[in-house]
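Asker: Using the hints, position chain B against chain A.
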Amino acid sequence: MSNQLQQVINKQNNALIGDESKIDDVVQLVGFIVGEEEFAIPILSIQEIIKPISCTRVPQTPTYILGVFNLRGSVIPLIDLRARFGLTPQKHTDETRFIVMKSGDDVAGFVIDRLTEAIRMPKKDIGPAPETVSEAETMIDGVGKQSDRIVTILKVHKLLERNF
Amino acid sequence: MDEFEEILQDFLVESFELIEQLDQDLVELETRPDDLDLLNRIFRVAHTIKGASSFLNFDTLTHLTHHMENILNLARHGDIIIDAGVMDVILESIDLMKALLVRIRDTRSDNGLDVSACVVRLDAAVNGDAPVVAAAPEPVAATAALADEEEADYSGMSDAEVEAEIERLLAQKNAEAIAKRAGSAPVVEKNEEEADYSGMSDAEVEAEIERLLAEKNAEAIAKRANKQSEDTVAEIPAAAPAAVVVPTPEPTTQVAPVAKPAAAPAAPRRAEPKEDADAKGATVEQTIRVDVKRLDHLMNLIGELVLGKNRLIKINDDVEERYEGEAFLEELNQVVSIVSLVTTDLQIAVMKTRMLPIGKVFNKFPRMIRDLSRELNKKIELDIAGEDTELDKSIVEEIGDPLVHIIRNSCDHGIETGDVRLAAGKEEGGTIQLKAYHEGNHIVIQIIDDGKGLDTDMLKSKAIEKGLITEKEADGMTDKEAYGLIFRPGFSTAAQVTSVSGRGVGMDVVKTNIEKLNGMIDIDSELGRGTSMKLKIPLTLAIIQALLVGVQEEYYAIPLASVLETVRISKDEIYTVENRSVMRLRDEVLSLVHIGDIFEVERVFDNSEHAYVVVLGLAESKIGLIVDTLIGQEEIVIKSLGEYLKGIEGIAGATIRGDGGVTLIVDVAALMQMAKSVKSTVGDENSSGKKLGVKNNASDYCVMIVDDSKTDRTIMRKSLEPMGITLVEAVDGIEAMNILKQGDHFFDAMLIDIEMPRMDGYTLAGEIKKYNKYKNLPLIAVTSRAGKADRMRGVESGMVEYITKPYSFDYLMNVVKRNIKFNEGL
Numbered sequence: 001m002s003n004q005l006q007q008v009i010n011k012q013n014n015a016l017i018g019d020e021s022k023i024d025d026v027v028q029l030v031g032f033i034v035g036e037e038e039f040a041i042p043i044l045s046i047q048e049i050i051k052p053i054s055c056t057r058v059p060q061t062p063t064y065i066l067g068v069f070n071l072r073g074s075v076i077p078l079i080d081l082r083a084r085f086g087l088t089p090q091k092h093t094d095e096t097r098f099i100v101m102k103s104g105d106d107v108a109g110f111v112i113d114r115l116t117e118a119i120r121m122p123k124k125d126i127g128p129a130p131e132t133v134s135e136a137e138t139m140i141d142g143v144g145k146q147s148d149r150i151v152t153i154l155k156v157h158k159l160l161e162r163n164f
Numbered sequence: 001m002d003e004f005e006e007i008l009q010d011f012l013v014e015s016f017e018l019i020e021q022l023d024q025d026l027v028e029l030e031t032r033p034d035d036l037d038l039l040n041r042i043f044r045v046a047h048t049i050k051g052a053s054s055f056l057n058f059d060t061l062t063h064l065t066h067h068m069e070n071i072l073n074l075a076r077h078g079d080i081i082i083d084a085g086v087m088d089v090i091l092e093s094i095d096l097m098k099a100l101l102v103r104i105r106d107t108r109s110d111n112g113l114d115v116s117a118c119v120v121r122l123d124a125a126v127n128g129d130a131p132v133v134a135a136a137p138e139p140v141a142a143t144a145a146l147a148d149e150e151e152a153d154y155s156g157m158s159d160a161e162v163e164a165e166i167e168r169l170l171a172q173k174n175a176e177a178i179a180k181r182a183g184s185a186p187v188v189e190k191n192e193e194e195a196d197y198s199g200m201s202d203a204e205v206e207a208e209i210e211r212l213l214a215e216k217n218a219e220a221i222a223k224r225a226n227k228q229s230e231d232t233v234a235e236i237p238a239a240a241p242a243a244v245v246v247p248t249p250e251p252t253t254q255v256a257p258v259a260k261p262a263a264a265p266a267a268p269r270r271a272e273p274k275e276d277a278d279a280k281g282a283t284v285e286q287t288i289r290v291d292v293k294r295l296d297h298l299m300n301l302i303g304e305l306v307l308g309k310n311r312l313i314k315i316n317d318d319v320e321e322r323y324e325g326e327a328f329l330e331e332l333n334q335v336v337s338i339v340s341l342v343t344t345d346l347q348i349a350v351m352k353t354r355m356l357p358i359g360k361v362f363n364k365f366p367r368m369i370r371d372l373s374r375e376l377n378k379k380i381e382l383d384i385a386g387e388d389t390e391l392d393k394s395i396v397e398e399i400g401d402p403l404v405h406i407i408r409n410s411c412d413h414g415i416e417t418g419d420v421r422l423a424a425g426k427e428e429g430g431t432i433q434l435k436a437y438h439e440g441n442h443i444v445i446q447i448i449d450d451g452k453g454l455d456t457d458m459l460k461s462k463a464i465e466k467g468l469i470t471e472k473e474a475d476g477m478t479d480k481e482a483y484g485l486i487f488r489p490g491f492s493t494a495a496q497v498t499s500v501s502g503r504g505v506g507m508d509v510v511k512t513n514i515e516k517l518n519g520m521i522d523i524d525s526e527l528g529r530g531t532s533m534k535l536k537i538p539l540t541l542a543i544i545q546a547l548l549v550g551v552q553e554e555y556y557a558i559p560l561a562s563v564l565e566t567v568r569i570s571k572d573e574i575y576t577v578e579n580r581s582v583m584r585l586r587d588e589v590l591s592l593v594h595i596g597d598i599f600e601v602e603r604v605f606d607n608s609e610h611a612y613v614v615v616l617g618l619a620e621s622k623i624g625l626i627v628d629t630l631i632g633q634e635e636i637v638i639k640s641l642g643e644y645l646k647g648i649e650g651i652a653g654a655t656i657r658g659d660g661g662v663t664l665i666v667d668v669a670a671l672m673q674m675a676k677s678v679k680s681t682v683g684d685e686n687s688s689g690k691k692l693g694v695k696n697n698a699s700d701y702c703v704m705i706v707d708d709s710k711t712d713r714t715i716m717r718k719s720l721e722p723m724g725i726t727l728v729e730a731v732d733g734i735e736a737m738n739i740l741k742q743g744d745h746f747f748d749a750m751l752i753d754i755e756m757p758r759m760d761g762y763t764l765a766g767e768i769k770k771y772n773k774y775k776n777l778p779l780i781a782v783t784s785r786a787g788k789a790d791r792m793r794g795v796e797s798g799m800v801e802y803i804t805k806p807y808s809f810d811y812l813m814n815v816v817k818r819n820i821k822f823n824e825g826l
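Protein chains in written order, with the working numbering: chain A, 1 to 164; chain B, 1 to 826.
Bound conformation, chain A alone (with noise of 0.2 Å):
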């Protein structure tokens, strides 16, 4: 009897370690597109994905900050992922979005040009960044590949970093 329980036990023991070990495997990503190039971040590190909503300049920062905005009641700055990625600025249109990021205590908006999908991807479909970015200054976490494009996976604390 108990050899069977202690059987019983055993098997549920490993399934349970099965799974993470399968959990582990796969990382859940947001994709979206800034510019032309898709990017993703792991959907943890996102508070929430809002429509656009007013903002207030704040003097004295960088163009890609766009100001600060109110999030129920919580004062939040907005940066343009354009902006920071150096492309051309570009109208809001009906798809733009702000994602709330946060990491930590830190948390902005930031303002994409439209979202994809969310993606499961296996680790071992992530490749690292590529070498000619210096490992310190990057925002790059690492490149996904899927069966028909390549997402860049972006390092959450990095983009909420303030370098200015």
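Take these hints with a grain of salt, some might be off.
[Stated by the list, open to error] Partial list, computed: chain A residues near chain B (C-beta under 10 Å):
1. 53
2. 61
3. 70
4. 76
5. 104
[Claimed, not checked] If you want the ones that stay clear, here's a sample from chain B, every Cβ over 10 Å from chain A, calculated:
6. 14
7. 105
8. 335
9. 349
10. 381
11. 429
12. 543
13. 639
14. 650
15. 717
Note that these hints are calculated values from the structure, not bench results.
Built from N, CA and C at the ideal position, the CB exists for glycine as well.
Answerer: Frame of chain A, contents of chain B only:
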């Protein structure tokens, strides 16, 4: 270990509170050395701390406080006289005690500080000044303390236990009395031990004991029969008085700061322990200690509520406008005003929970003045008034340092030495007054000395010497500006650096701290008569009154505490002196800066002849800030811009307005700094402003057509196309607003239909007119609504023309031409 930690925290909080009071009491004691109340109070502090620290095993602290208690106890009984010498030792020991407590707070241990030197001095003071029997002090303190420790336990006991304790004491008395009557040796010793009773003569003591015995004897015997243990307790002291230690009841786990631990455990007090316990119970109910974090959280929530209230009021106003005369409005009005009233009350109530009396800060000054006057060899008296004035905890914490510096300054530089004062015909001793009082939404702290006053010429020459100002600047300075020099970093009038002052740091600290609190400093001085410094500080920091100003279509909030006044001036009142804009305000010359230059606001238009100047005052400086519009006064809640945007120069934070938008709050101190380096553009805006309006050909003109019907849009397009102007179409108010906001086109006019889905024409016109940029944009209503009321509404919402459908092509074209001044520019 958590429990221990908790007790330790309580111990520390309590000890620091006690010590705060202690300093003041001690200084007072020096002037009234025979005030028994005062002595008792001081003794109690030493005793309470000793009791608790021994319980918590802080041996060094116990050792020190034990000796302090010792000397104080003697003083209490008049065995030694407290003179300046003794006082110095006591103060030294108190400083040491503070240091130990700080150490305990930081490291959880009292090791590492050497108290032995101080203890020796304390004992020396006891022996040297008090010709008591040499052996006496030690046992006295020990037994007194022991007895007191027993006392301490009362508060932790149930009534029954207290009763039992009384019983025990009585029994003890009983035994003693017997022993005494027998005339045996221990009696003498005992008598000394019980020094606390010494208020009475021996005869009185005897009489008292007799009386008690008579009263209690029967009862005691009965009780003793029941409680064998009590009996033993009673027996032991009689046999060996020195061993009272042993039967001390086990201390309860709680450290009980007793209300009157110092009072004698004498028989006459037999009923008191119970009363004490009762009294204590009652006071405990009245206050509770609350973690500051909780209060902060509460304050944040109130902040949210205030923002919500602001929004509600705005919505109410909008609704009122739209549904004028409807029955439900009154009800809505009532609800809104109740909510707003309650919110305000709630805010005040919560603010009050955070209020502390400023006495908490003032308390440390008597001691400081005493030390300083001894150190500087001057006679200085401190006169404190208004120590009950309350202000926010966060401000109380910030205000301490500046006051220390100001008072040190007054002592060192202000008050002259005794002989100089006498020569000048003043009293030998100088006086420093420290006053606090409310003035509107501010608290004013005034520091007045009757010293030599500030010498403007001397200040100026010192400042020139140190290279802080040029001679030319010095010549143009008013007295007030010259006084302001003392706040410059690096400025000092002291010939040499002393331990008190002279490094040129202190007053700079004052200025920075006061500015941090949005406060103002006002100095008045009369040479030879003294100096008065007035610190004006807002009552609270989290929710403030602000003046909202507009520049182009941006808004900024300026803390009202820093706004002295606002004036409307015409542009020709602005003069340029050495590349800086200035204006004459009554008999002062005020330097001006445009808010747009500070915050890099793009100046698109500027067509008014007038400007508003907000006169800002902070600490001792003043500046005029030019803004386009004054919006009004509003209660705002300060929110931080977050980690990412913190430290933006000139911005103190942000607030959320009634319409849900974010408005930045101006950091007045930083703005004044920035104003010094900003290039003035007040004069040359007209030249750049005109270029934008230049039209070279017909297609430079741009008109927007807003109509939900495709047919109507086409008709309008057909009528205007012949002019060759650019036409942009929108299907409703919302789309029109979006096109405007995108700013791809500069519109010269808009044709607006009234009936539209999502946002109608009136609303659209109202929204557009909210933007300064579009104040002069002609809005033309094109509608089939022909009623007079409709026309009126059109005019109210800012429409300049009202065209009713149907209309002829020519008519429409002419109206548009007239409004966009077509052909005039070509």
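Asker: State for each hint whether it applies.
Answerer: Quick rundown of the hints versus the structure:
1. 53: Hint holds; residue 53/A Cβ to chain B Cβ min 8 Å, cut 10 Å.
2. 61: Interface hint status for residue 61/A: holds (7 Å vs cutoff 10 Å).
3. 70: For residue 70/A, the interface hint holds, since the closest Cβ of chain B sits about 5 Å away, which is under 10 Å.
4. 76: Holds, about 7 Å.
5. 104: OK, holds: residue 104/A within 10 Å of chain B, min 9 Å.
6. 14: holds (34 Å)
7. 105: Non-interface label on residue 105/B holds, nearest chain A Cβ at 27 Å vs cutoff 10 Å.
8. 335: Given that every Cβ of chain A is farther than 10 Å from that of residue 335/B, nearest at about 22 Å, it holds.
9. 349: holds (22 Å)
10. 381: holds (50 Å)
11. 429: holds (53 Å)
12. 543: holds (14 Å)
13. 639: Contrary to the label, residue 639/B does not stay out of reach of chain A, its closest Cβ about 5 Å off (not over 10 Å).
14. 650: Non-interface label on residue 650/B violated, nearest chain A Cβ at 7 Å vs cutoff 10 Å.
15. 717: holds (23 Å)
Hint violations for this structure: numbers 13 and 14, all remaining hints satisfied.
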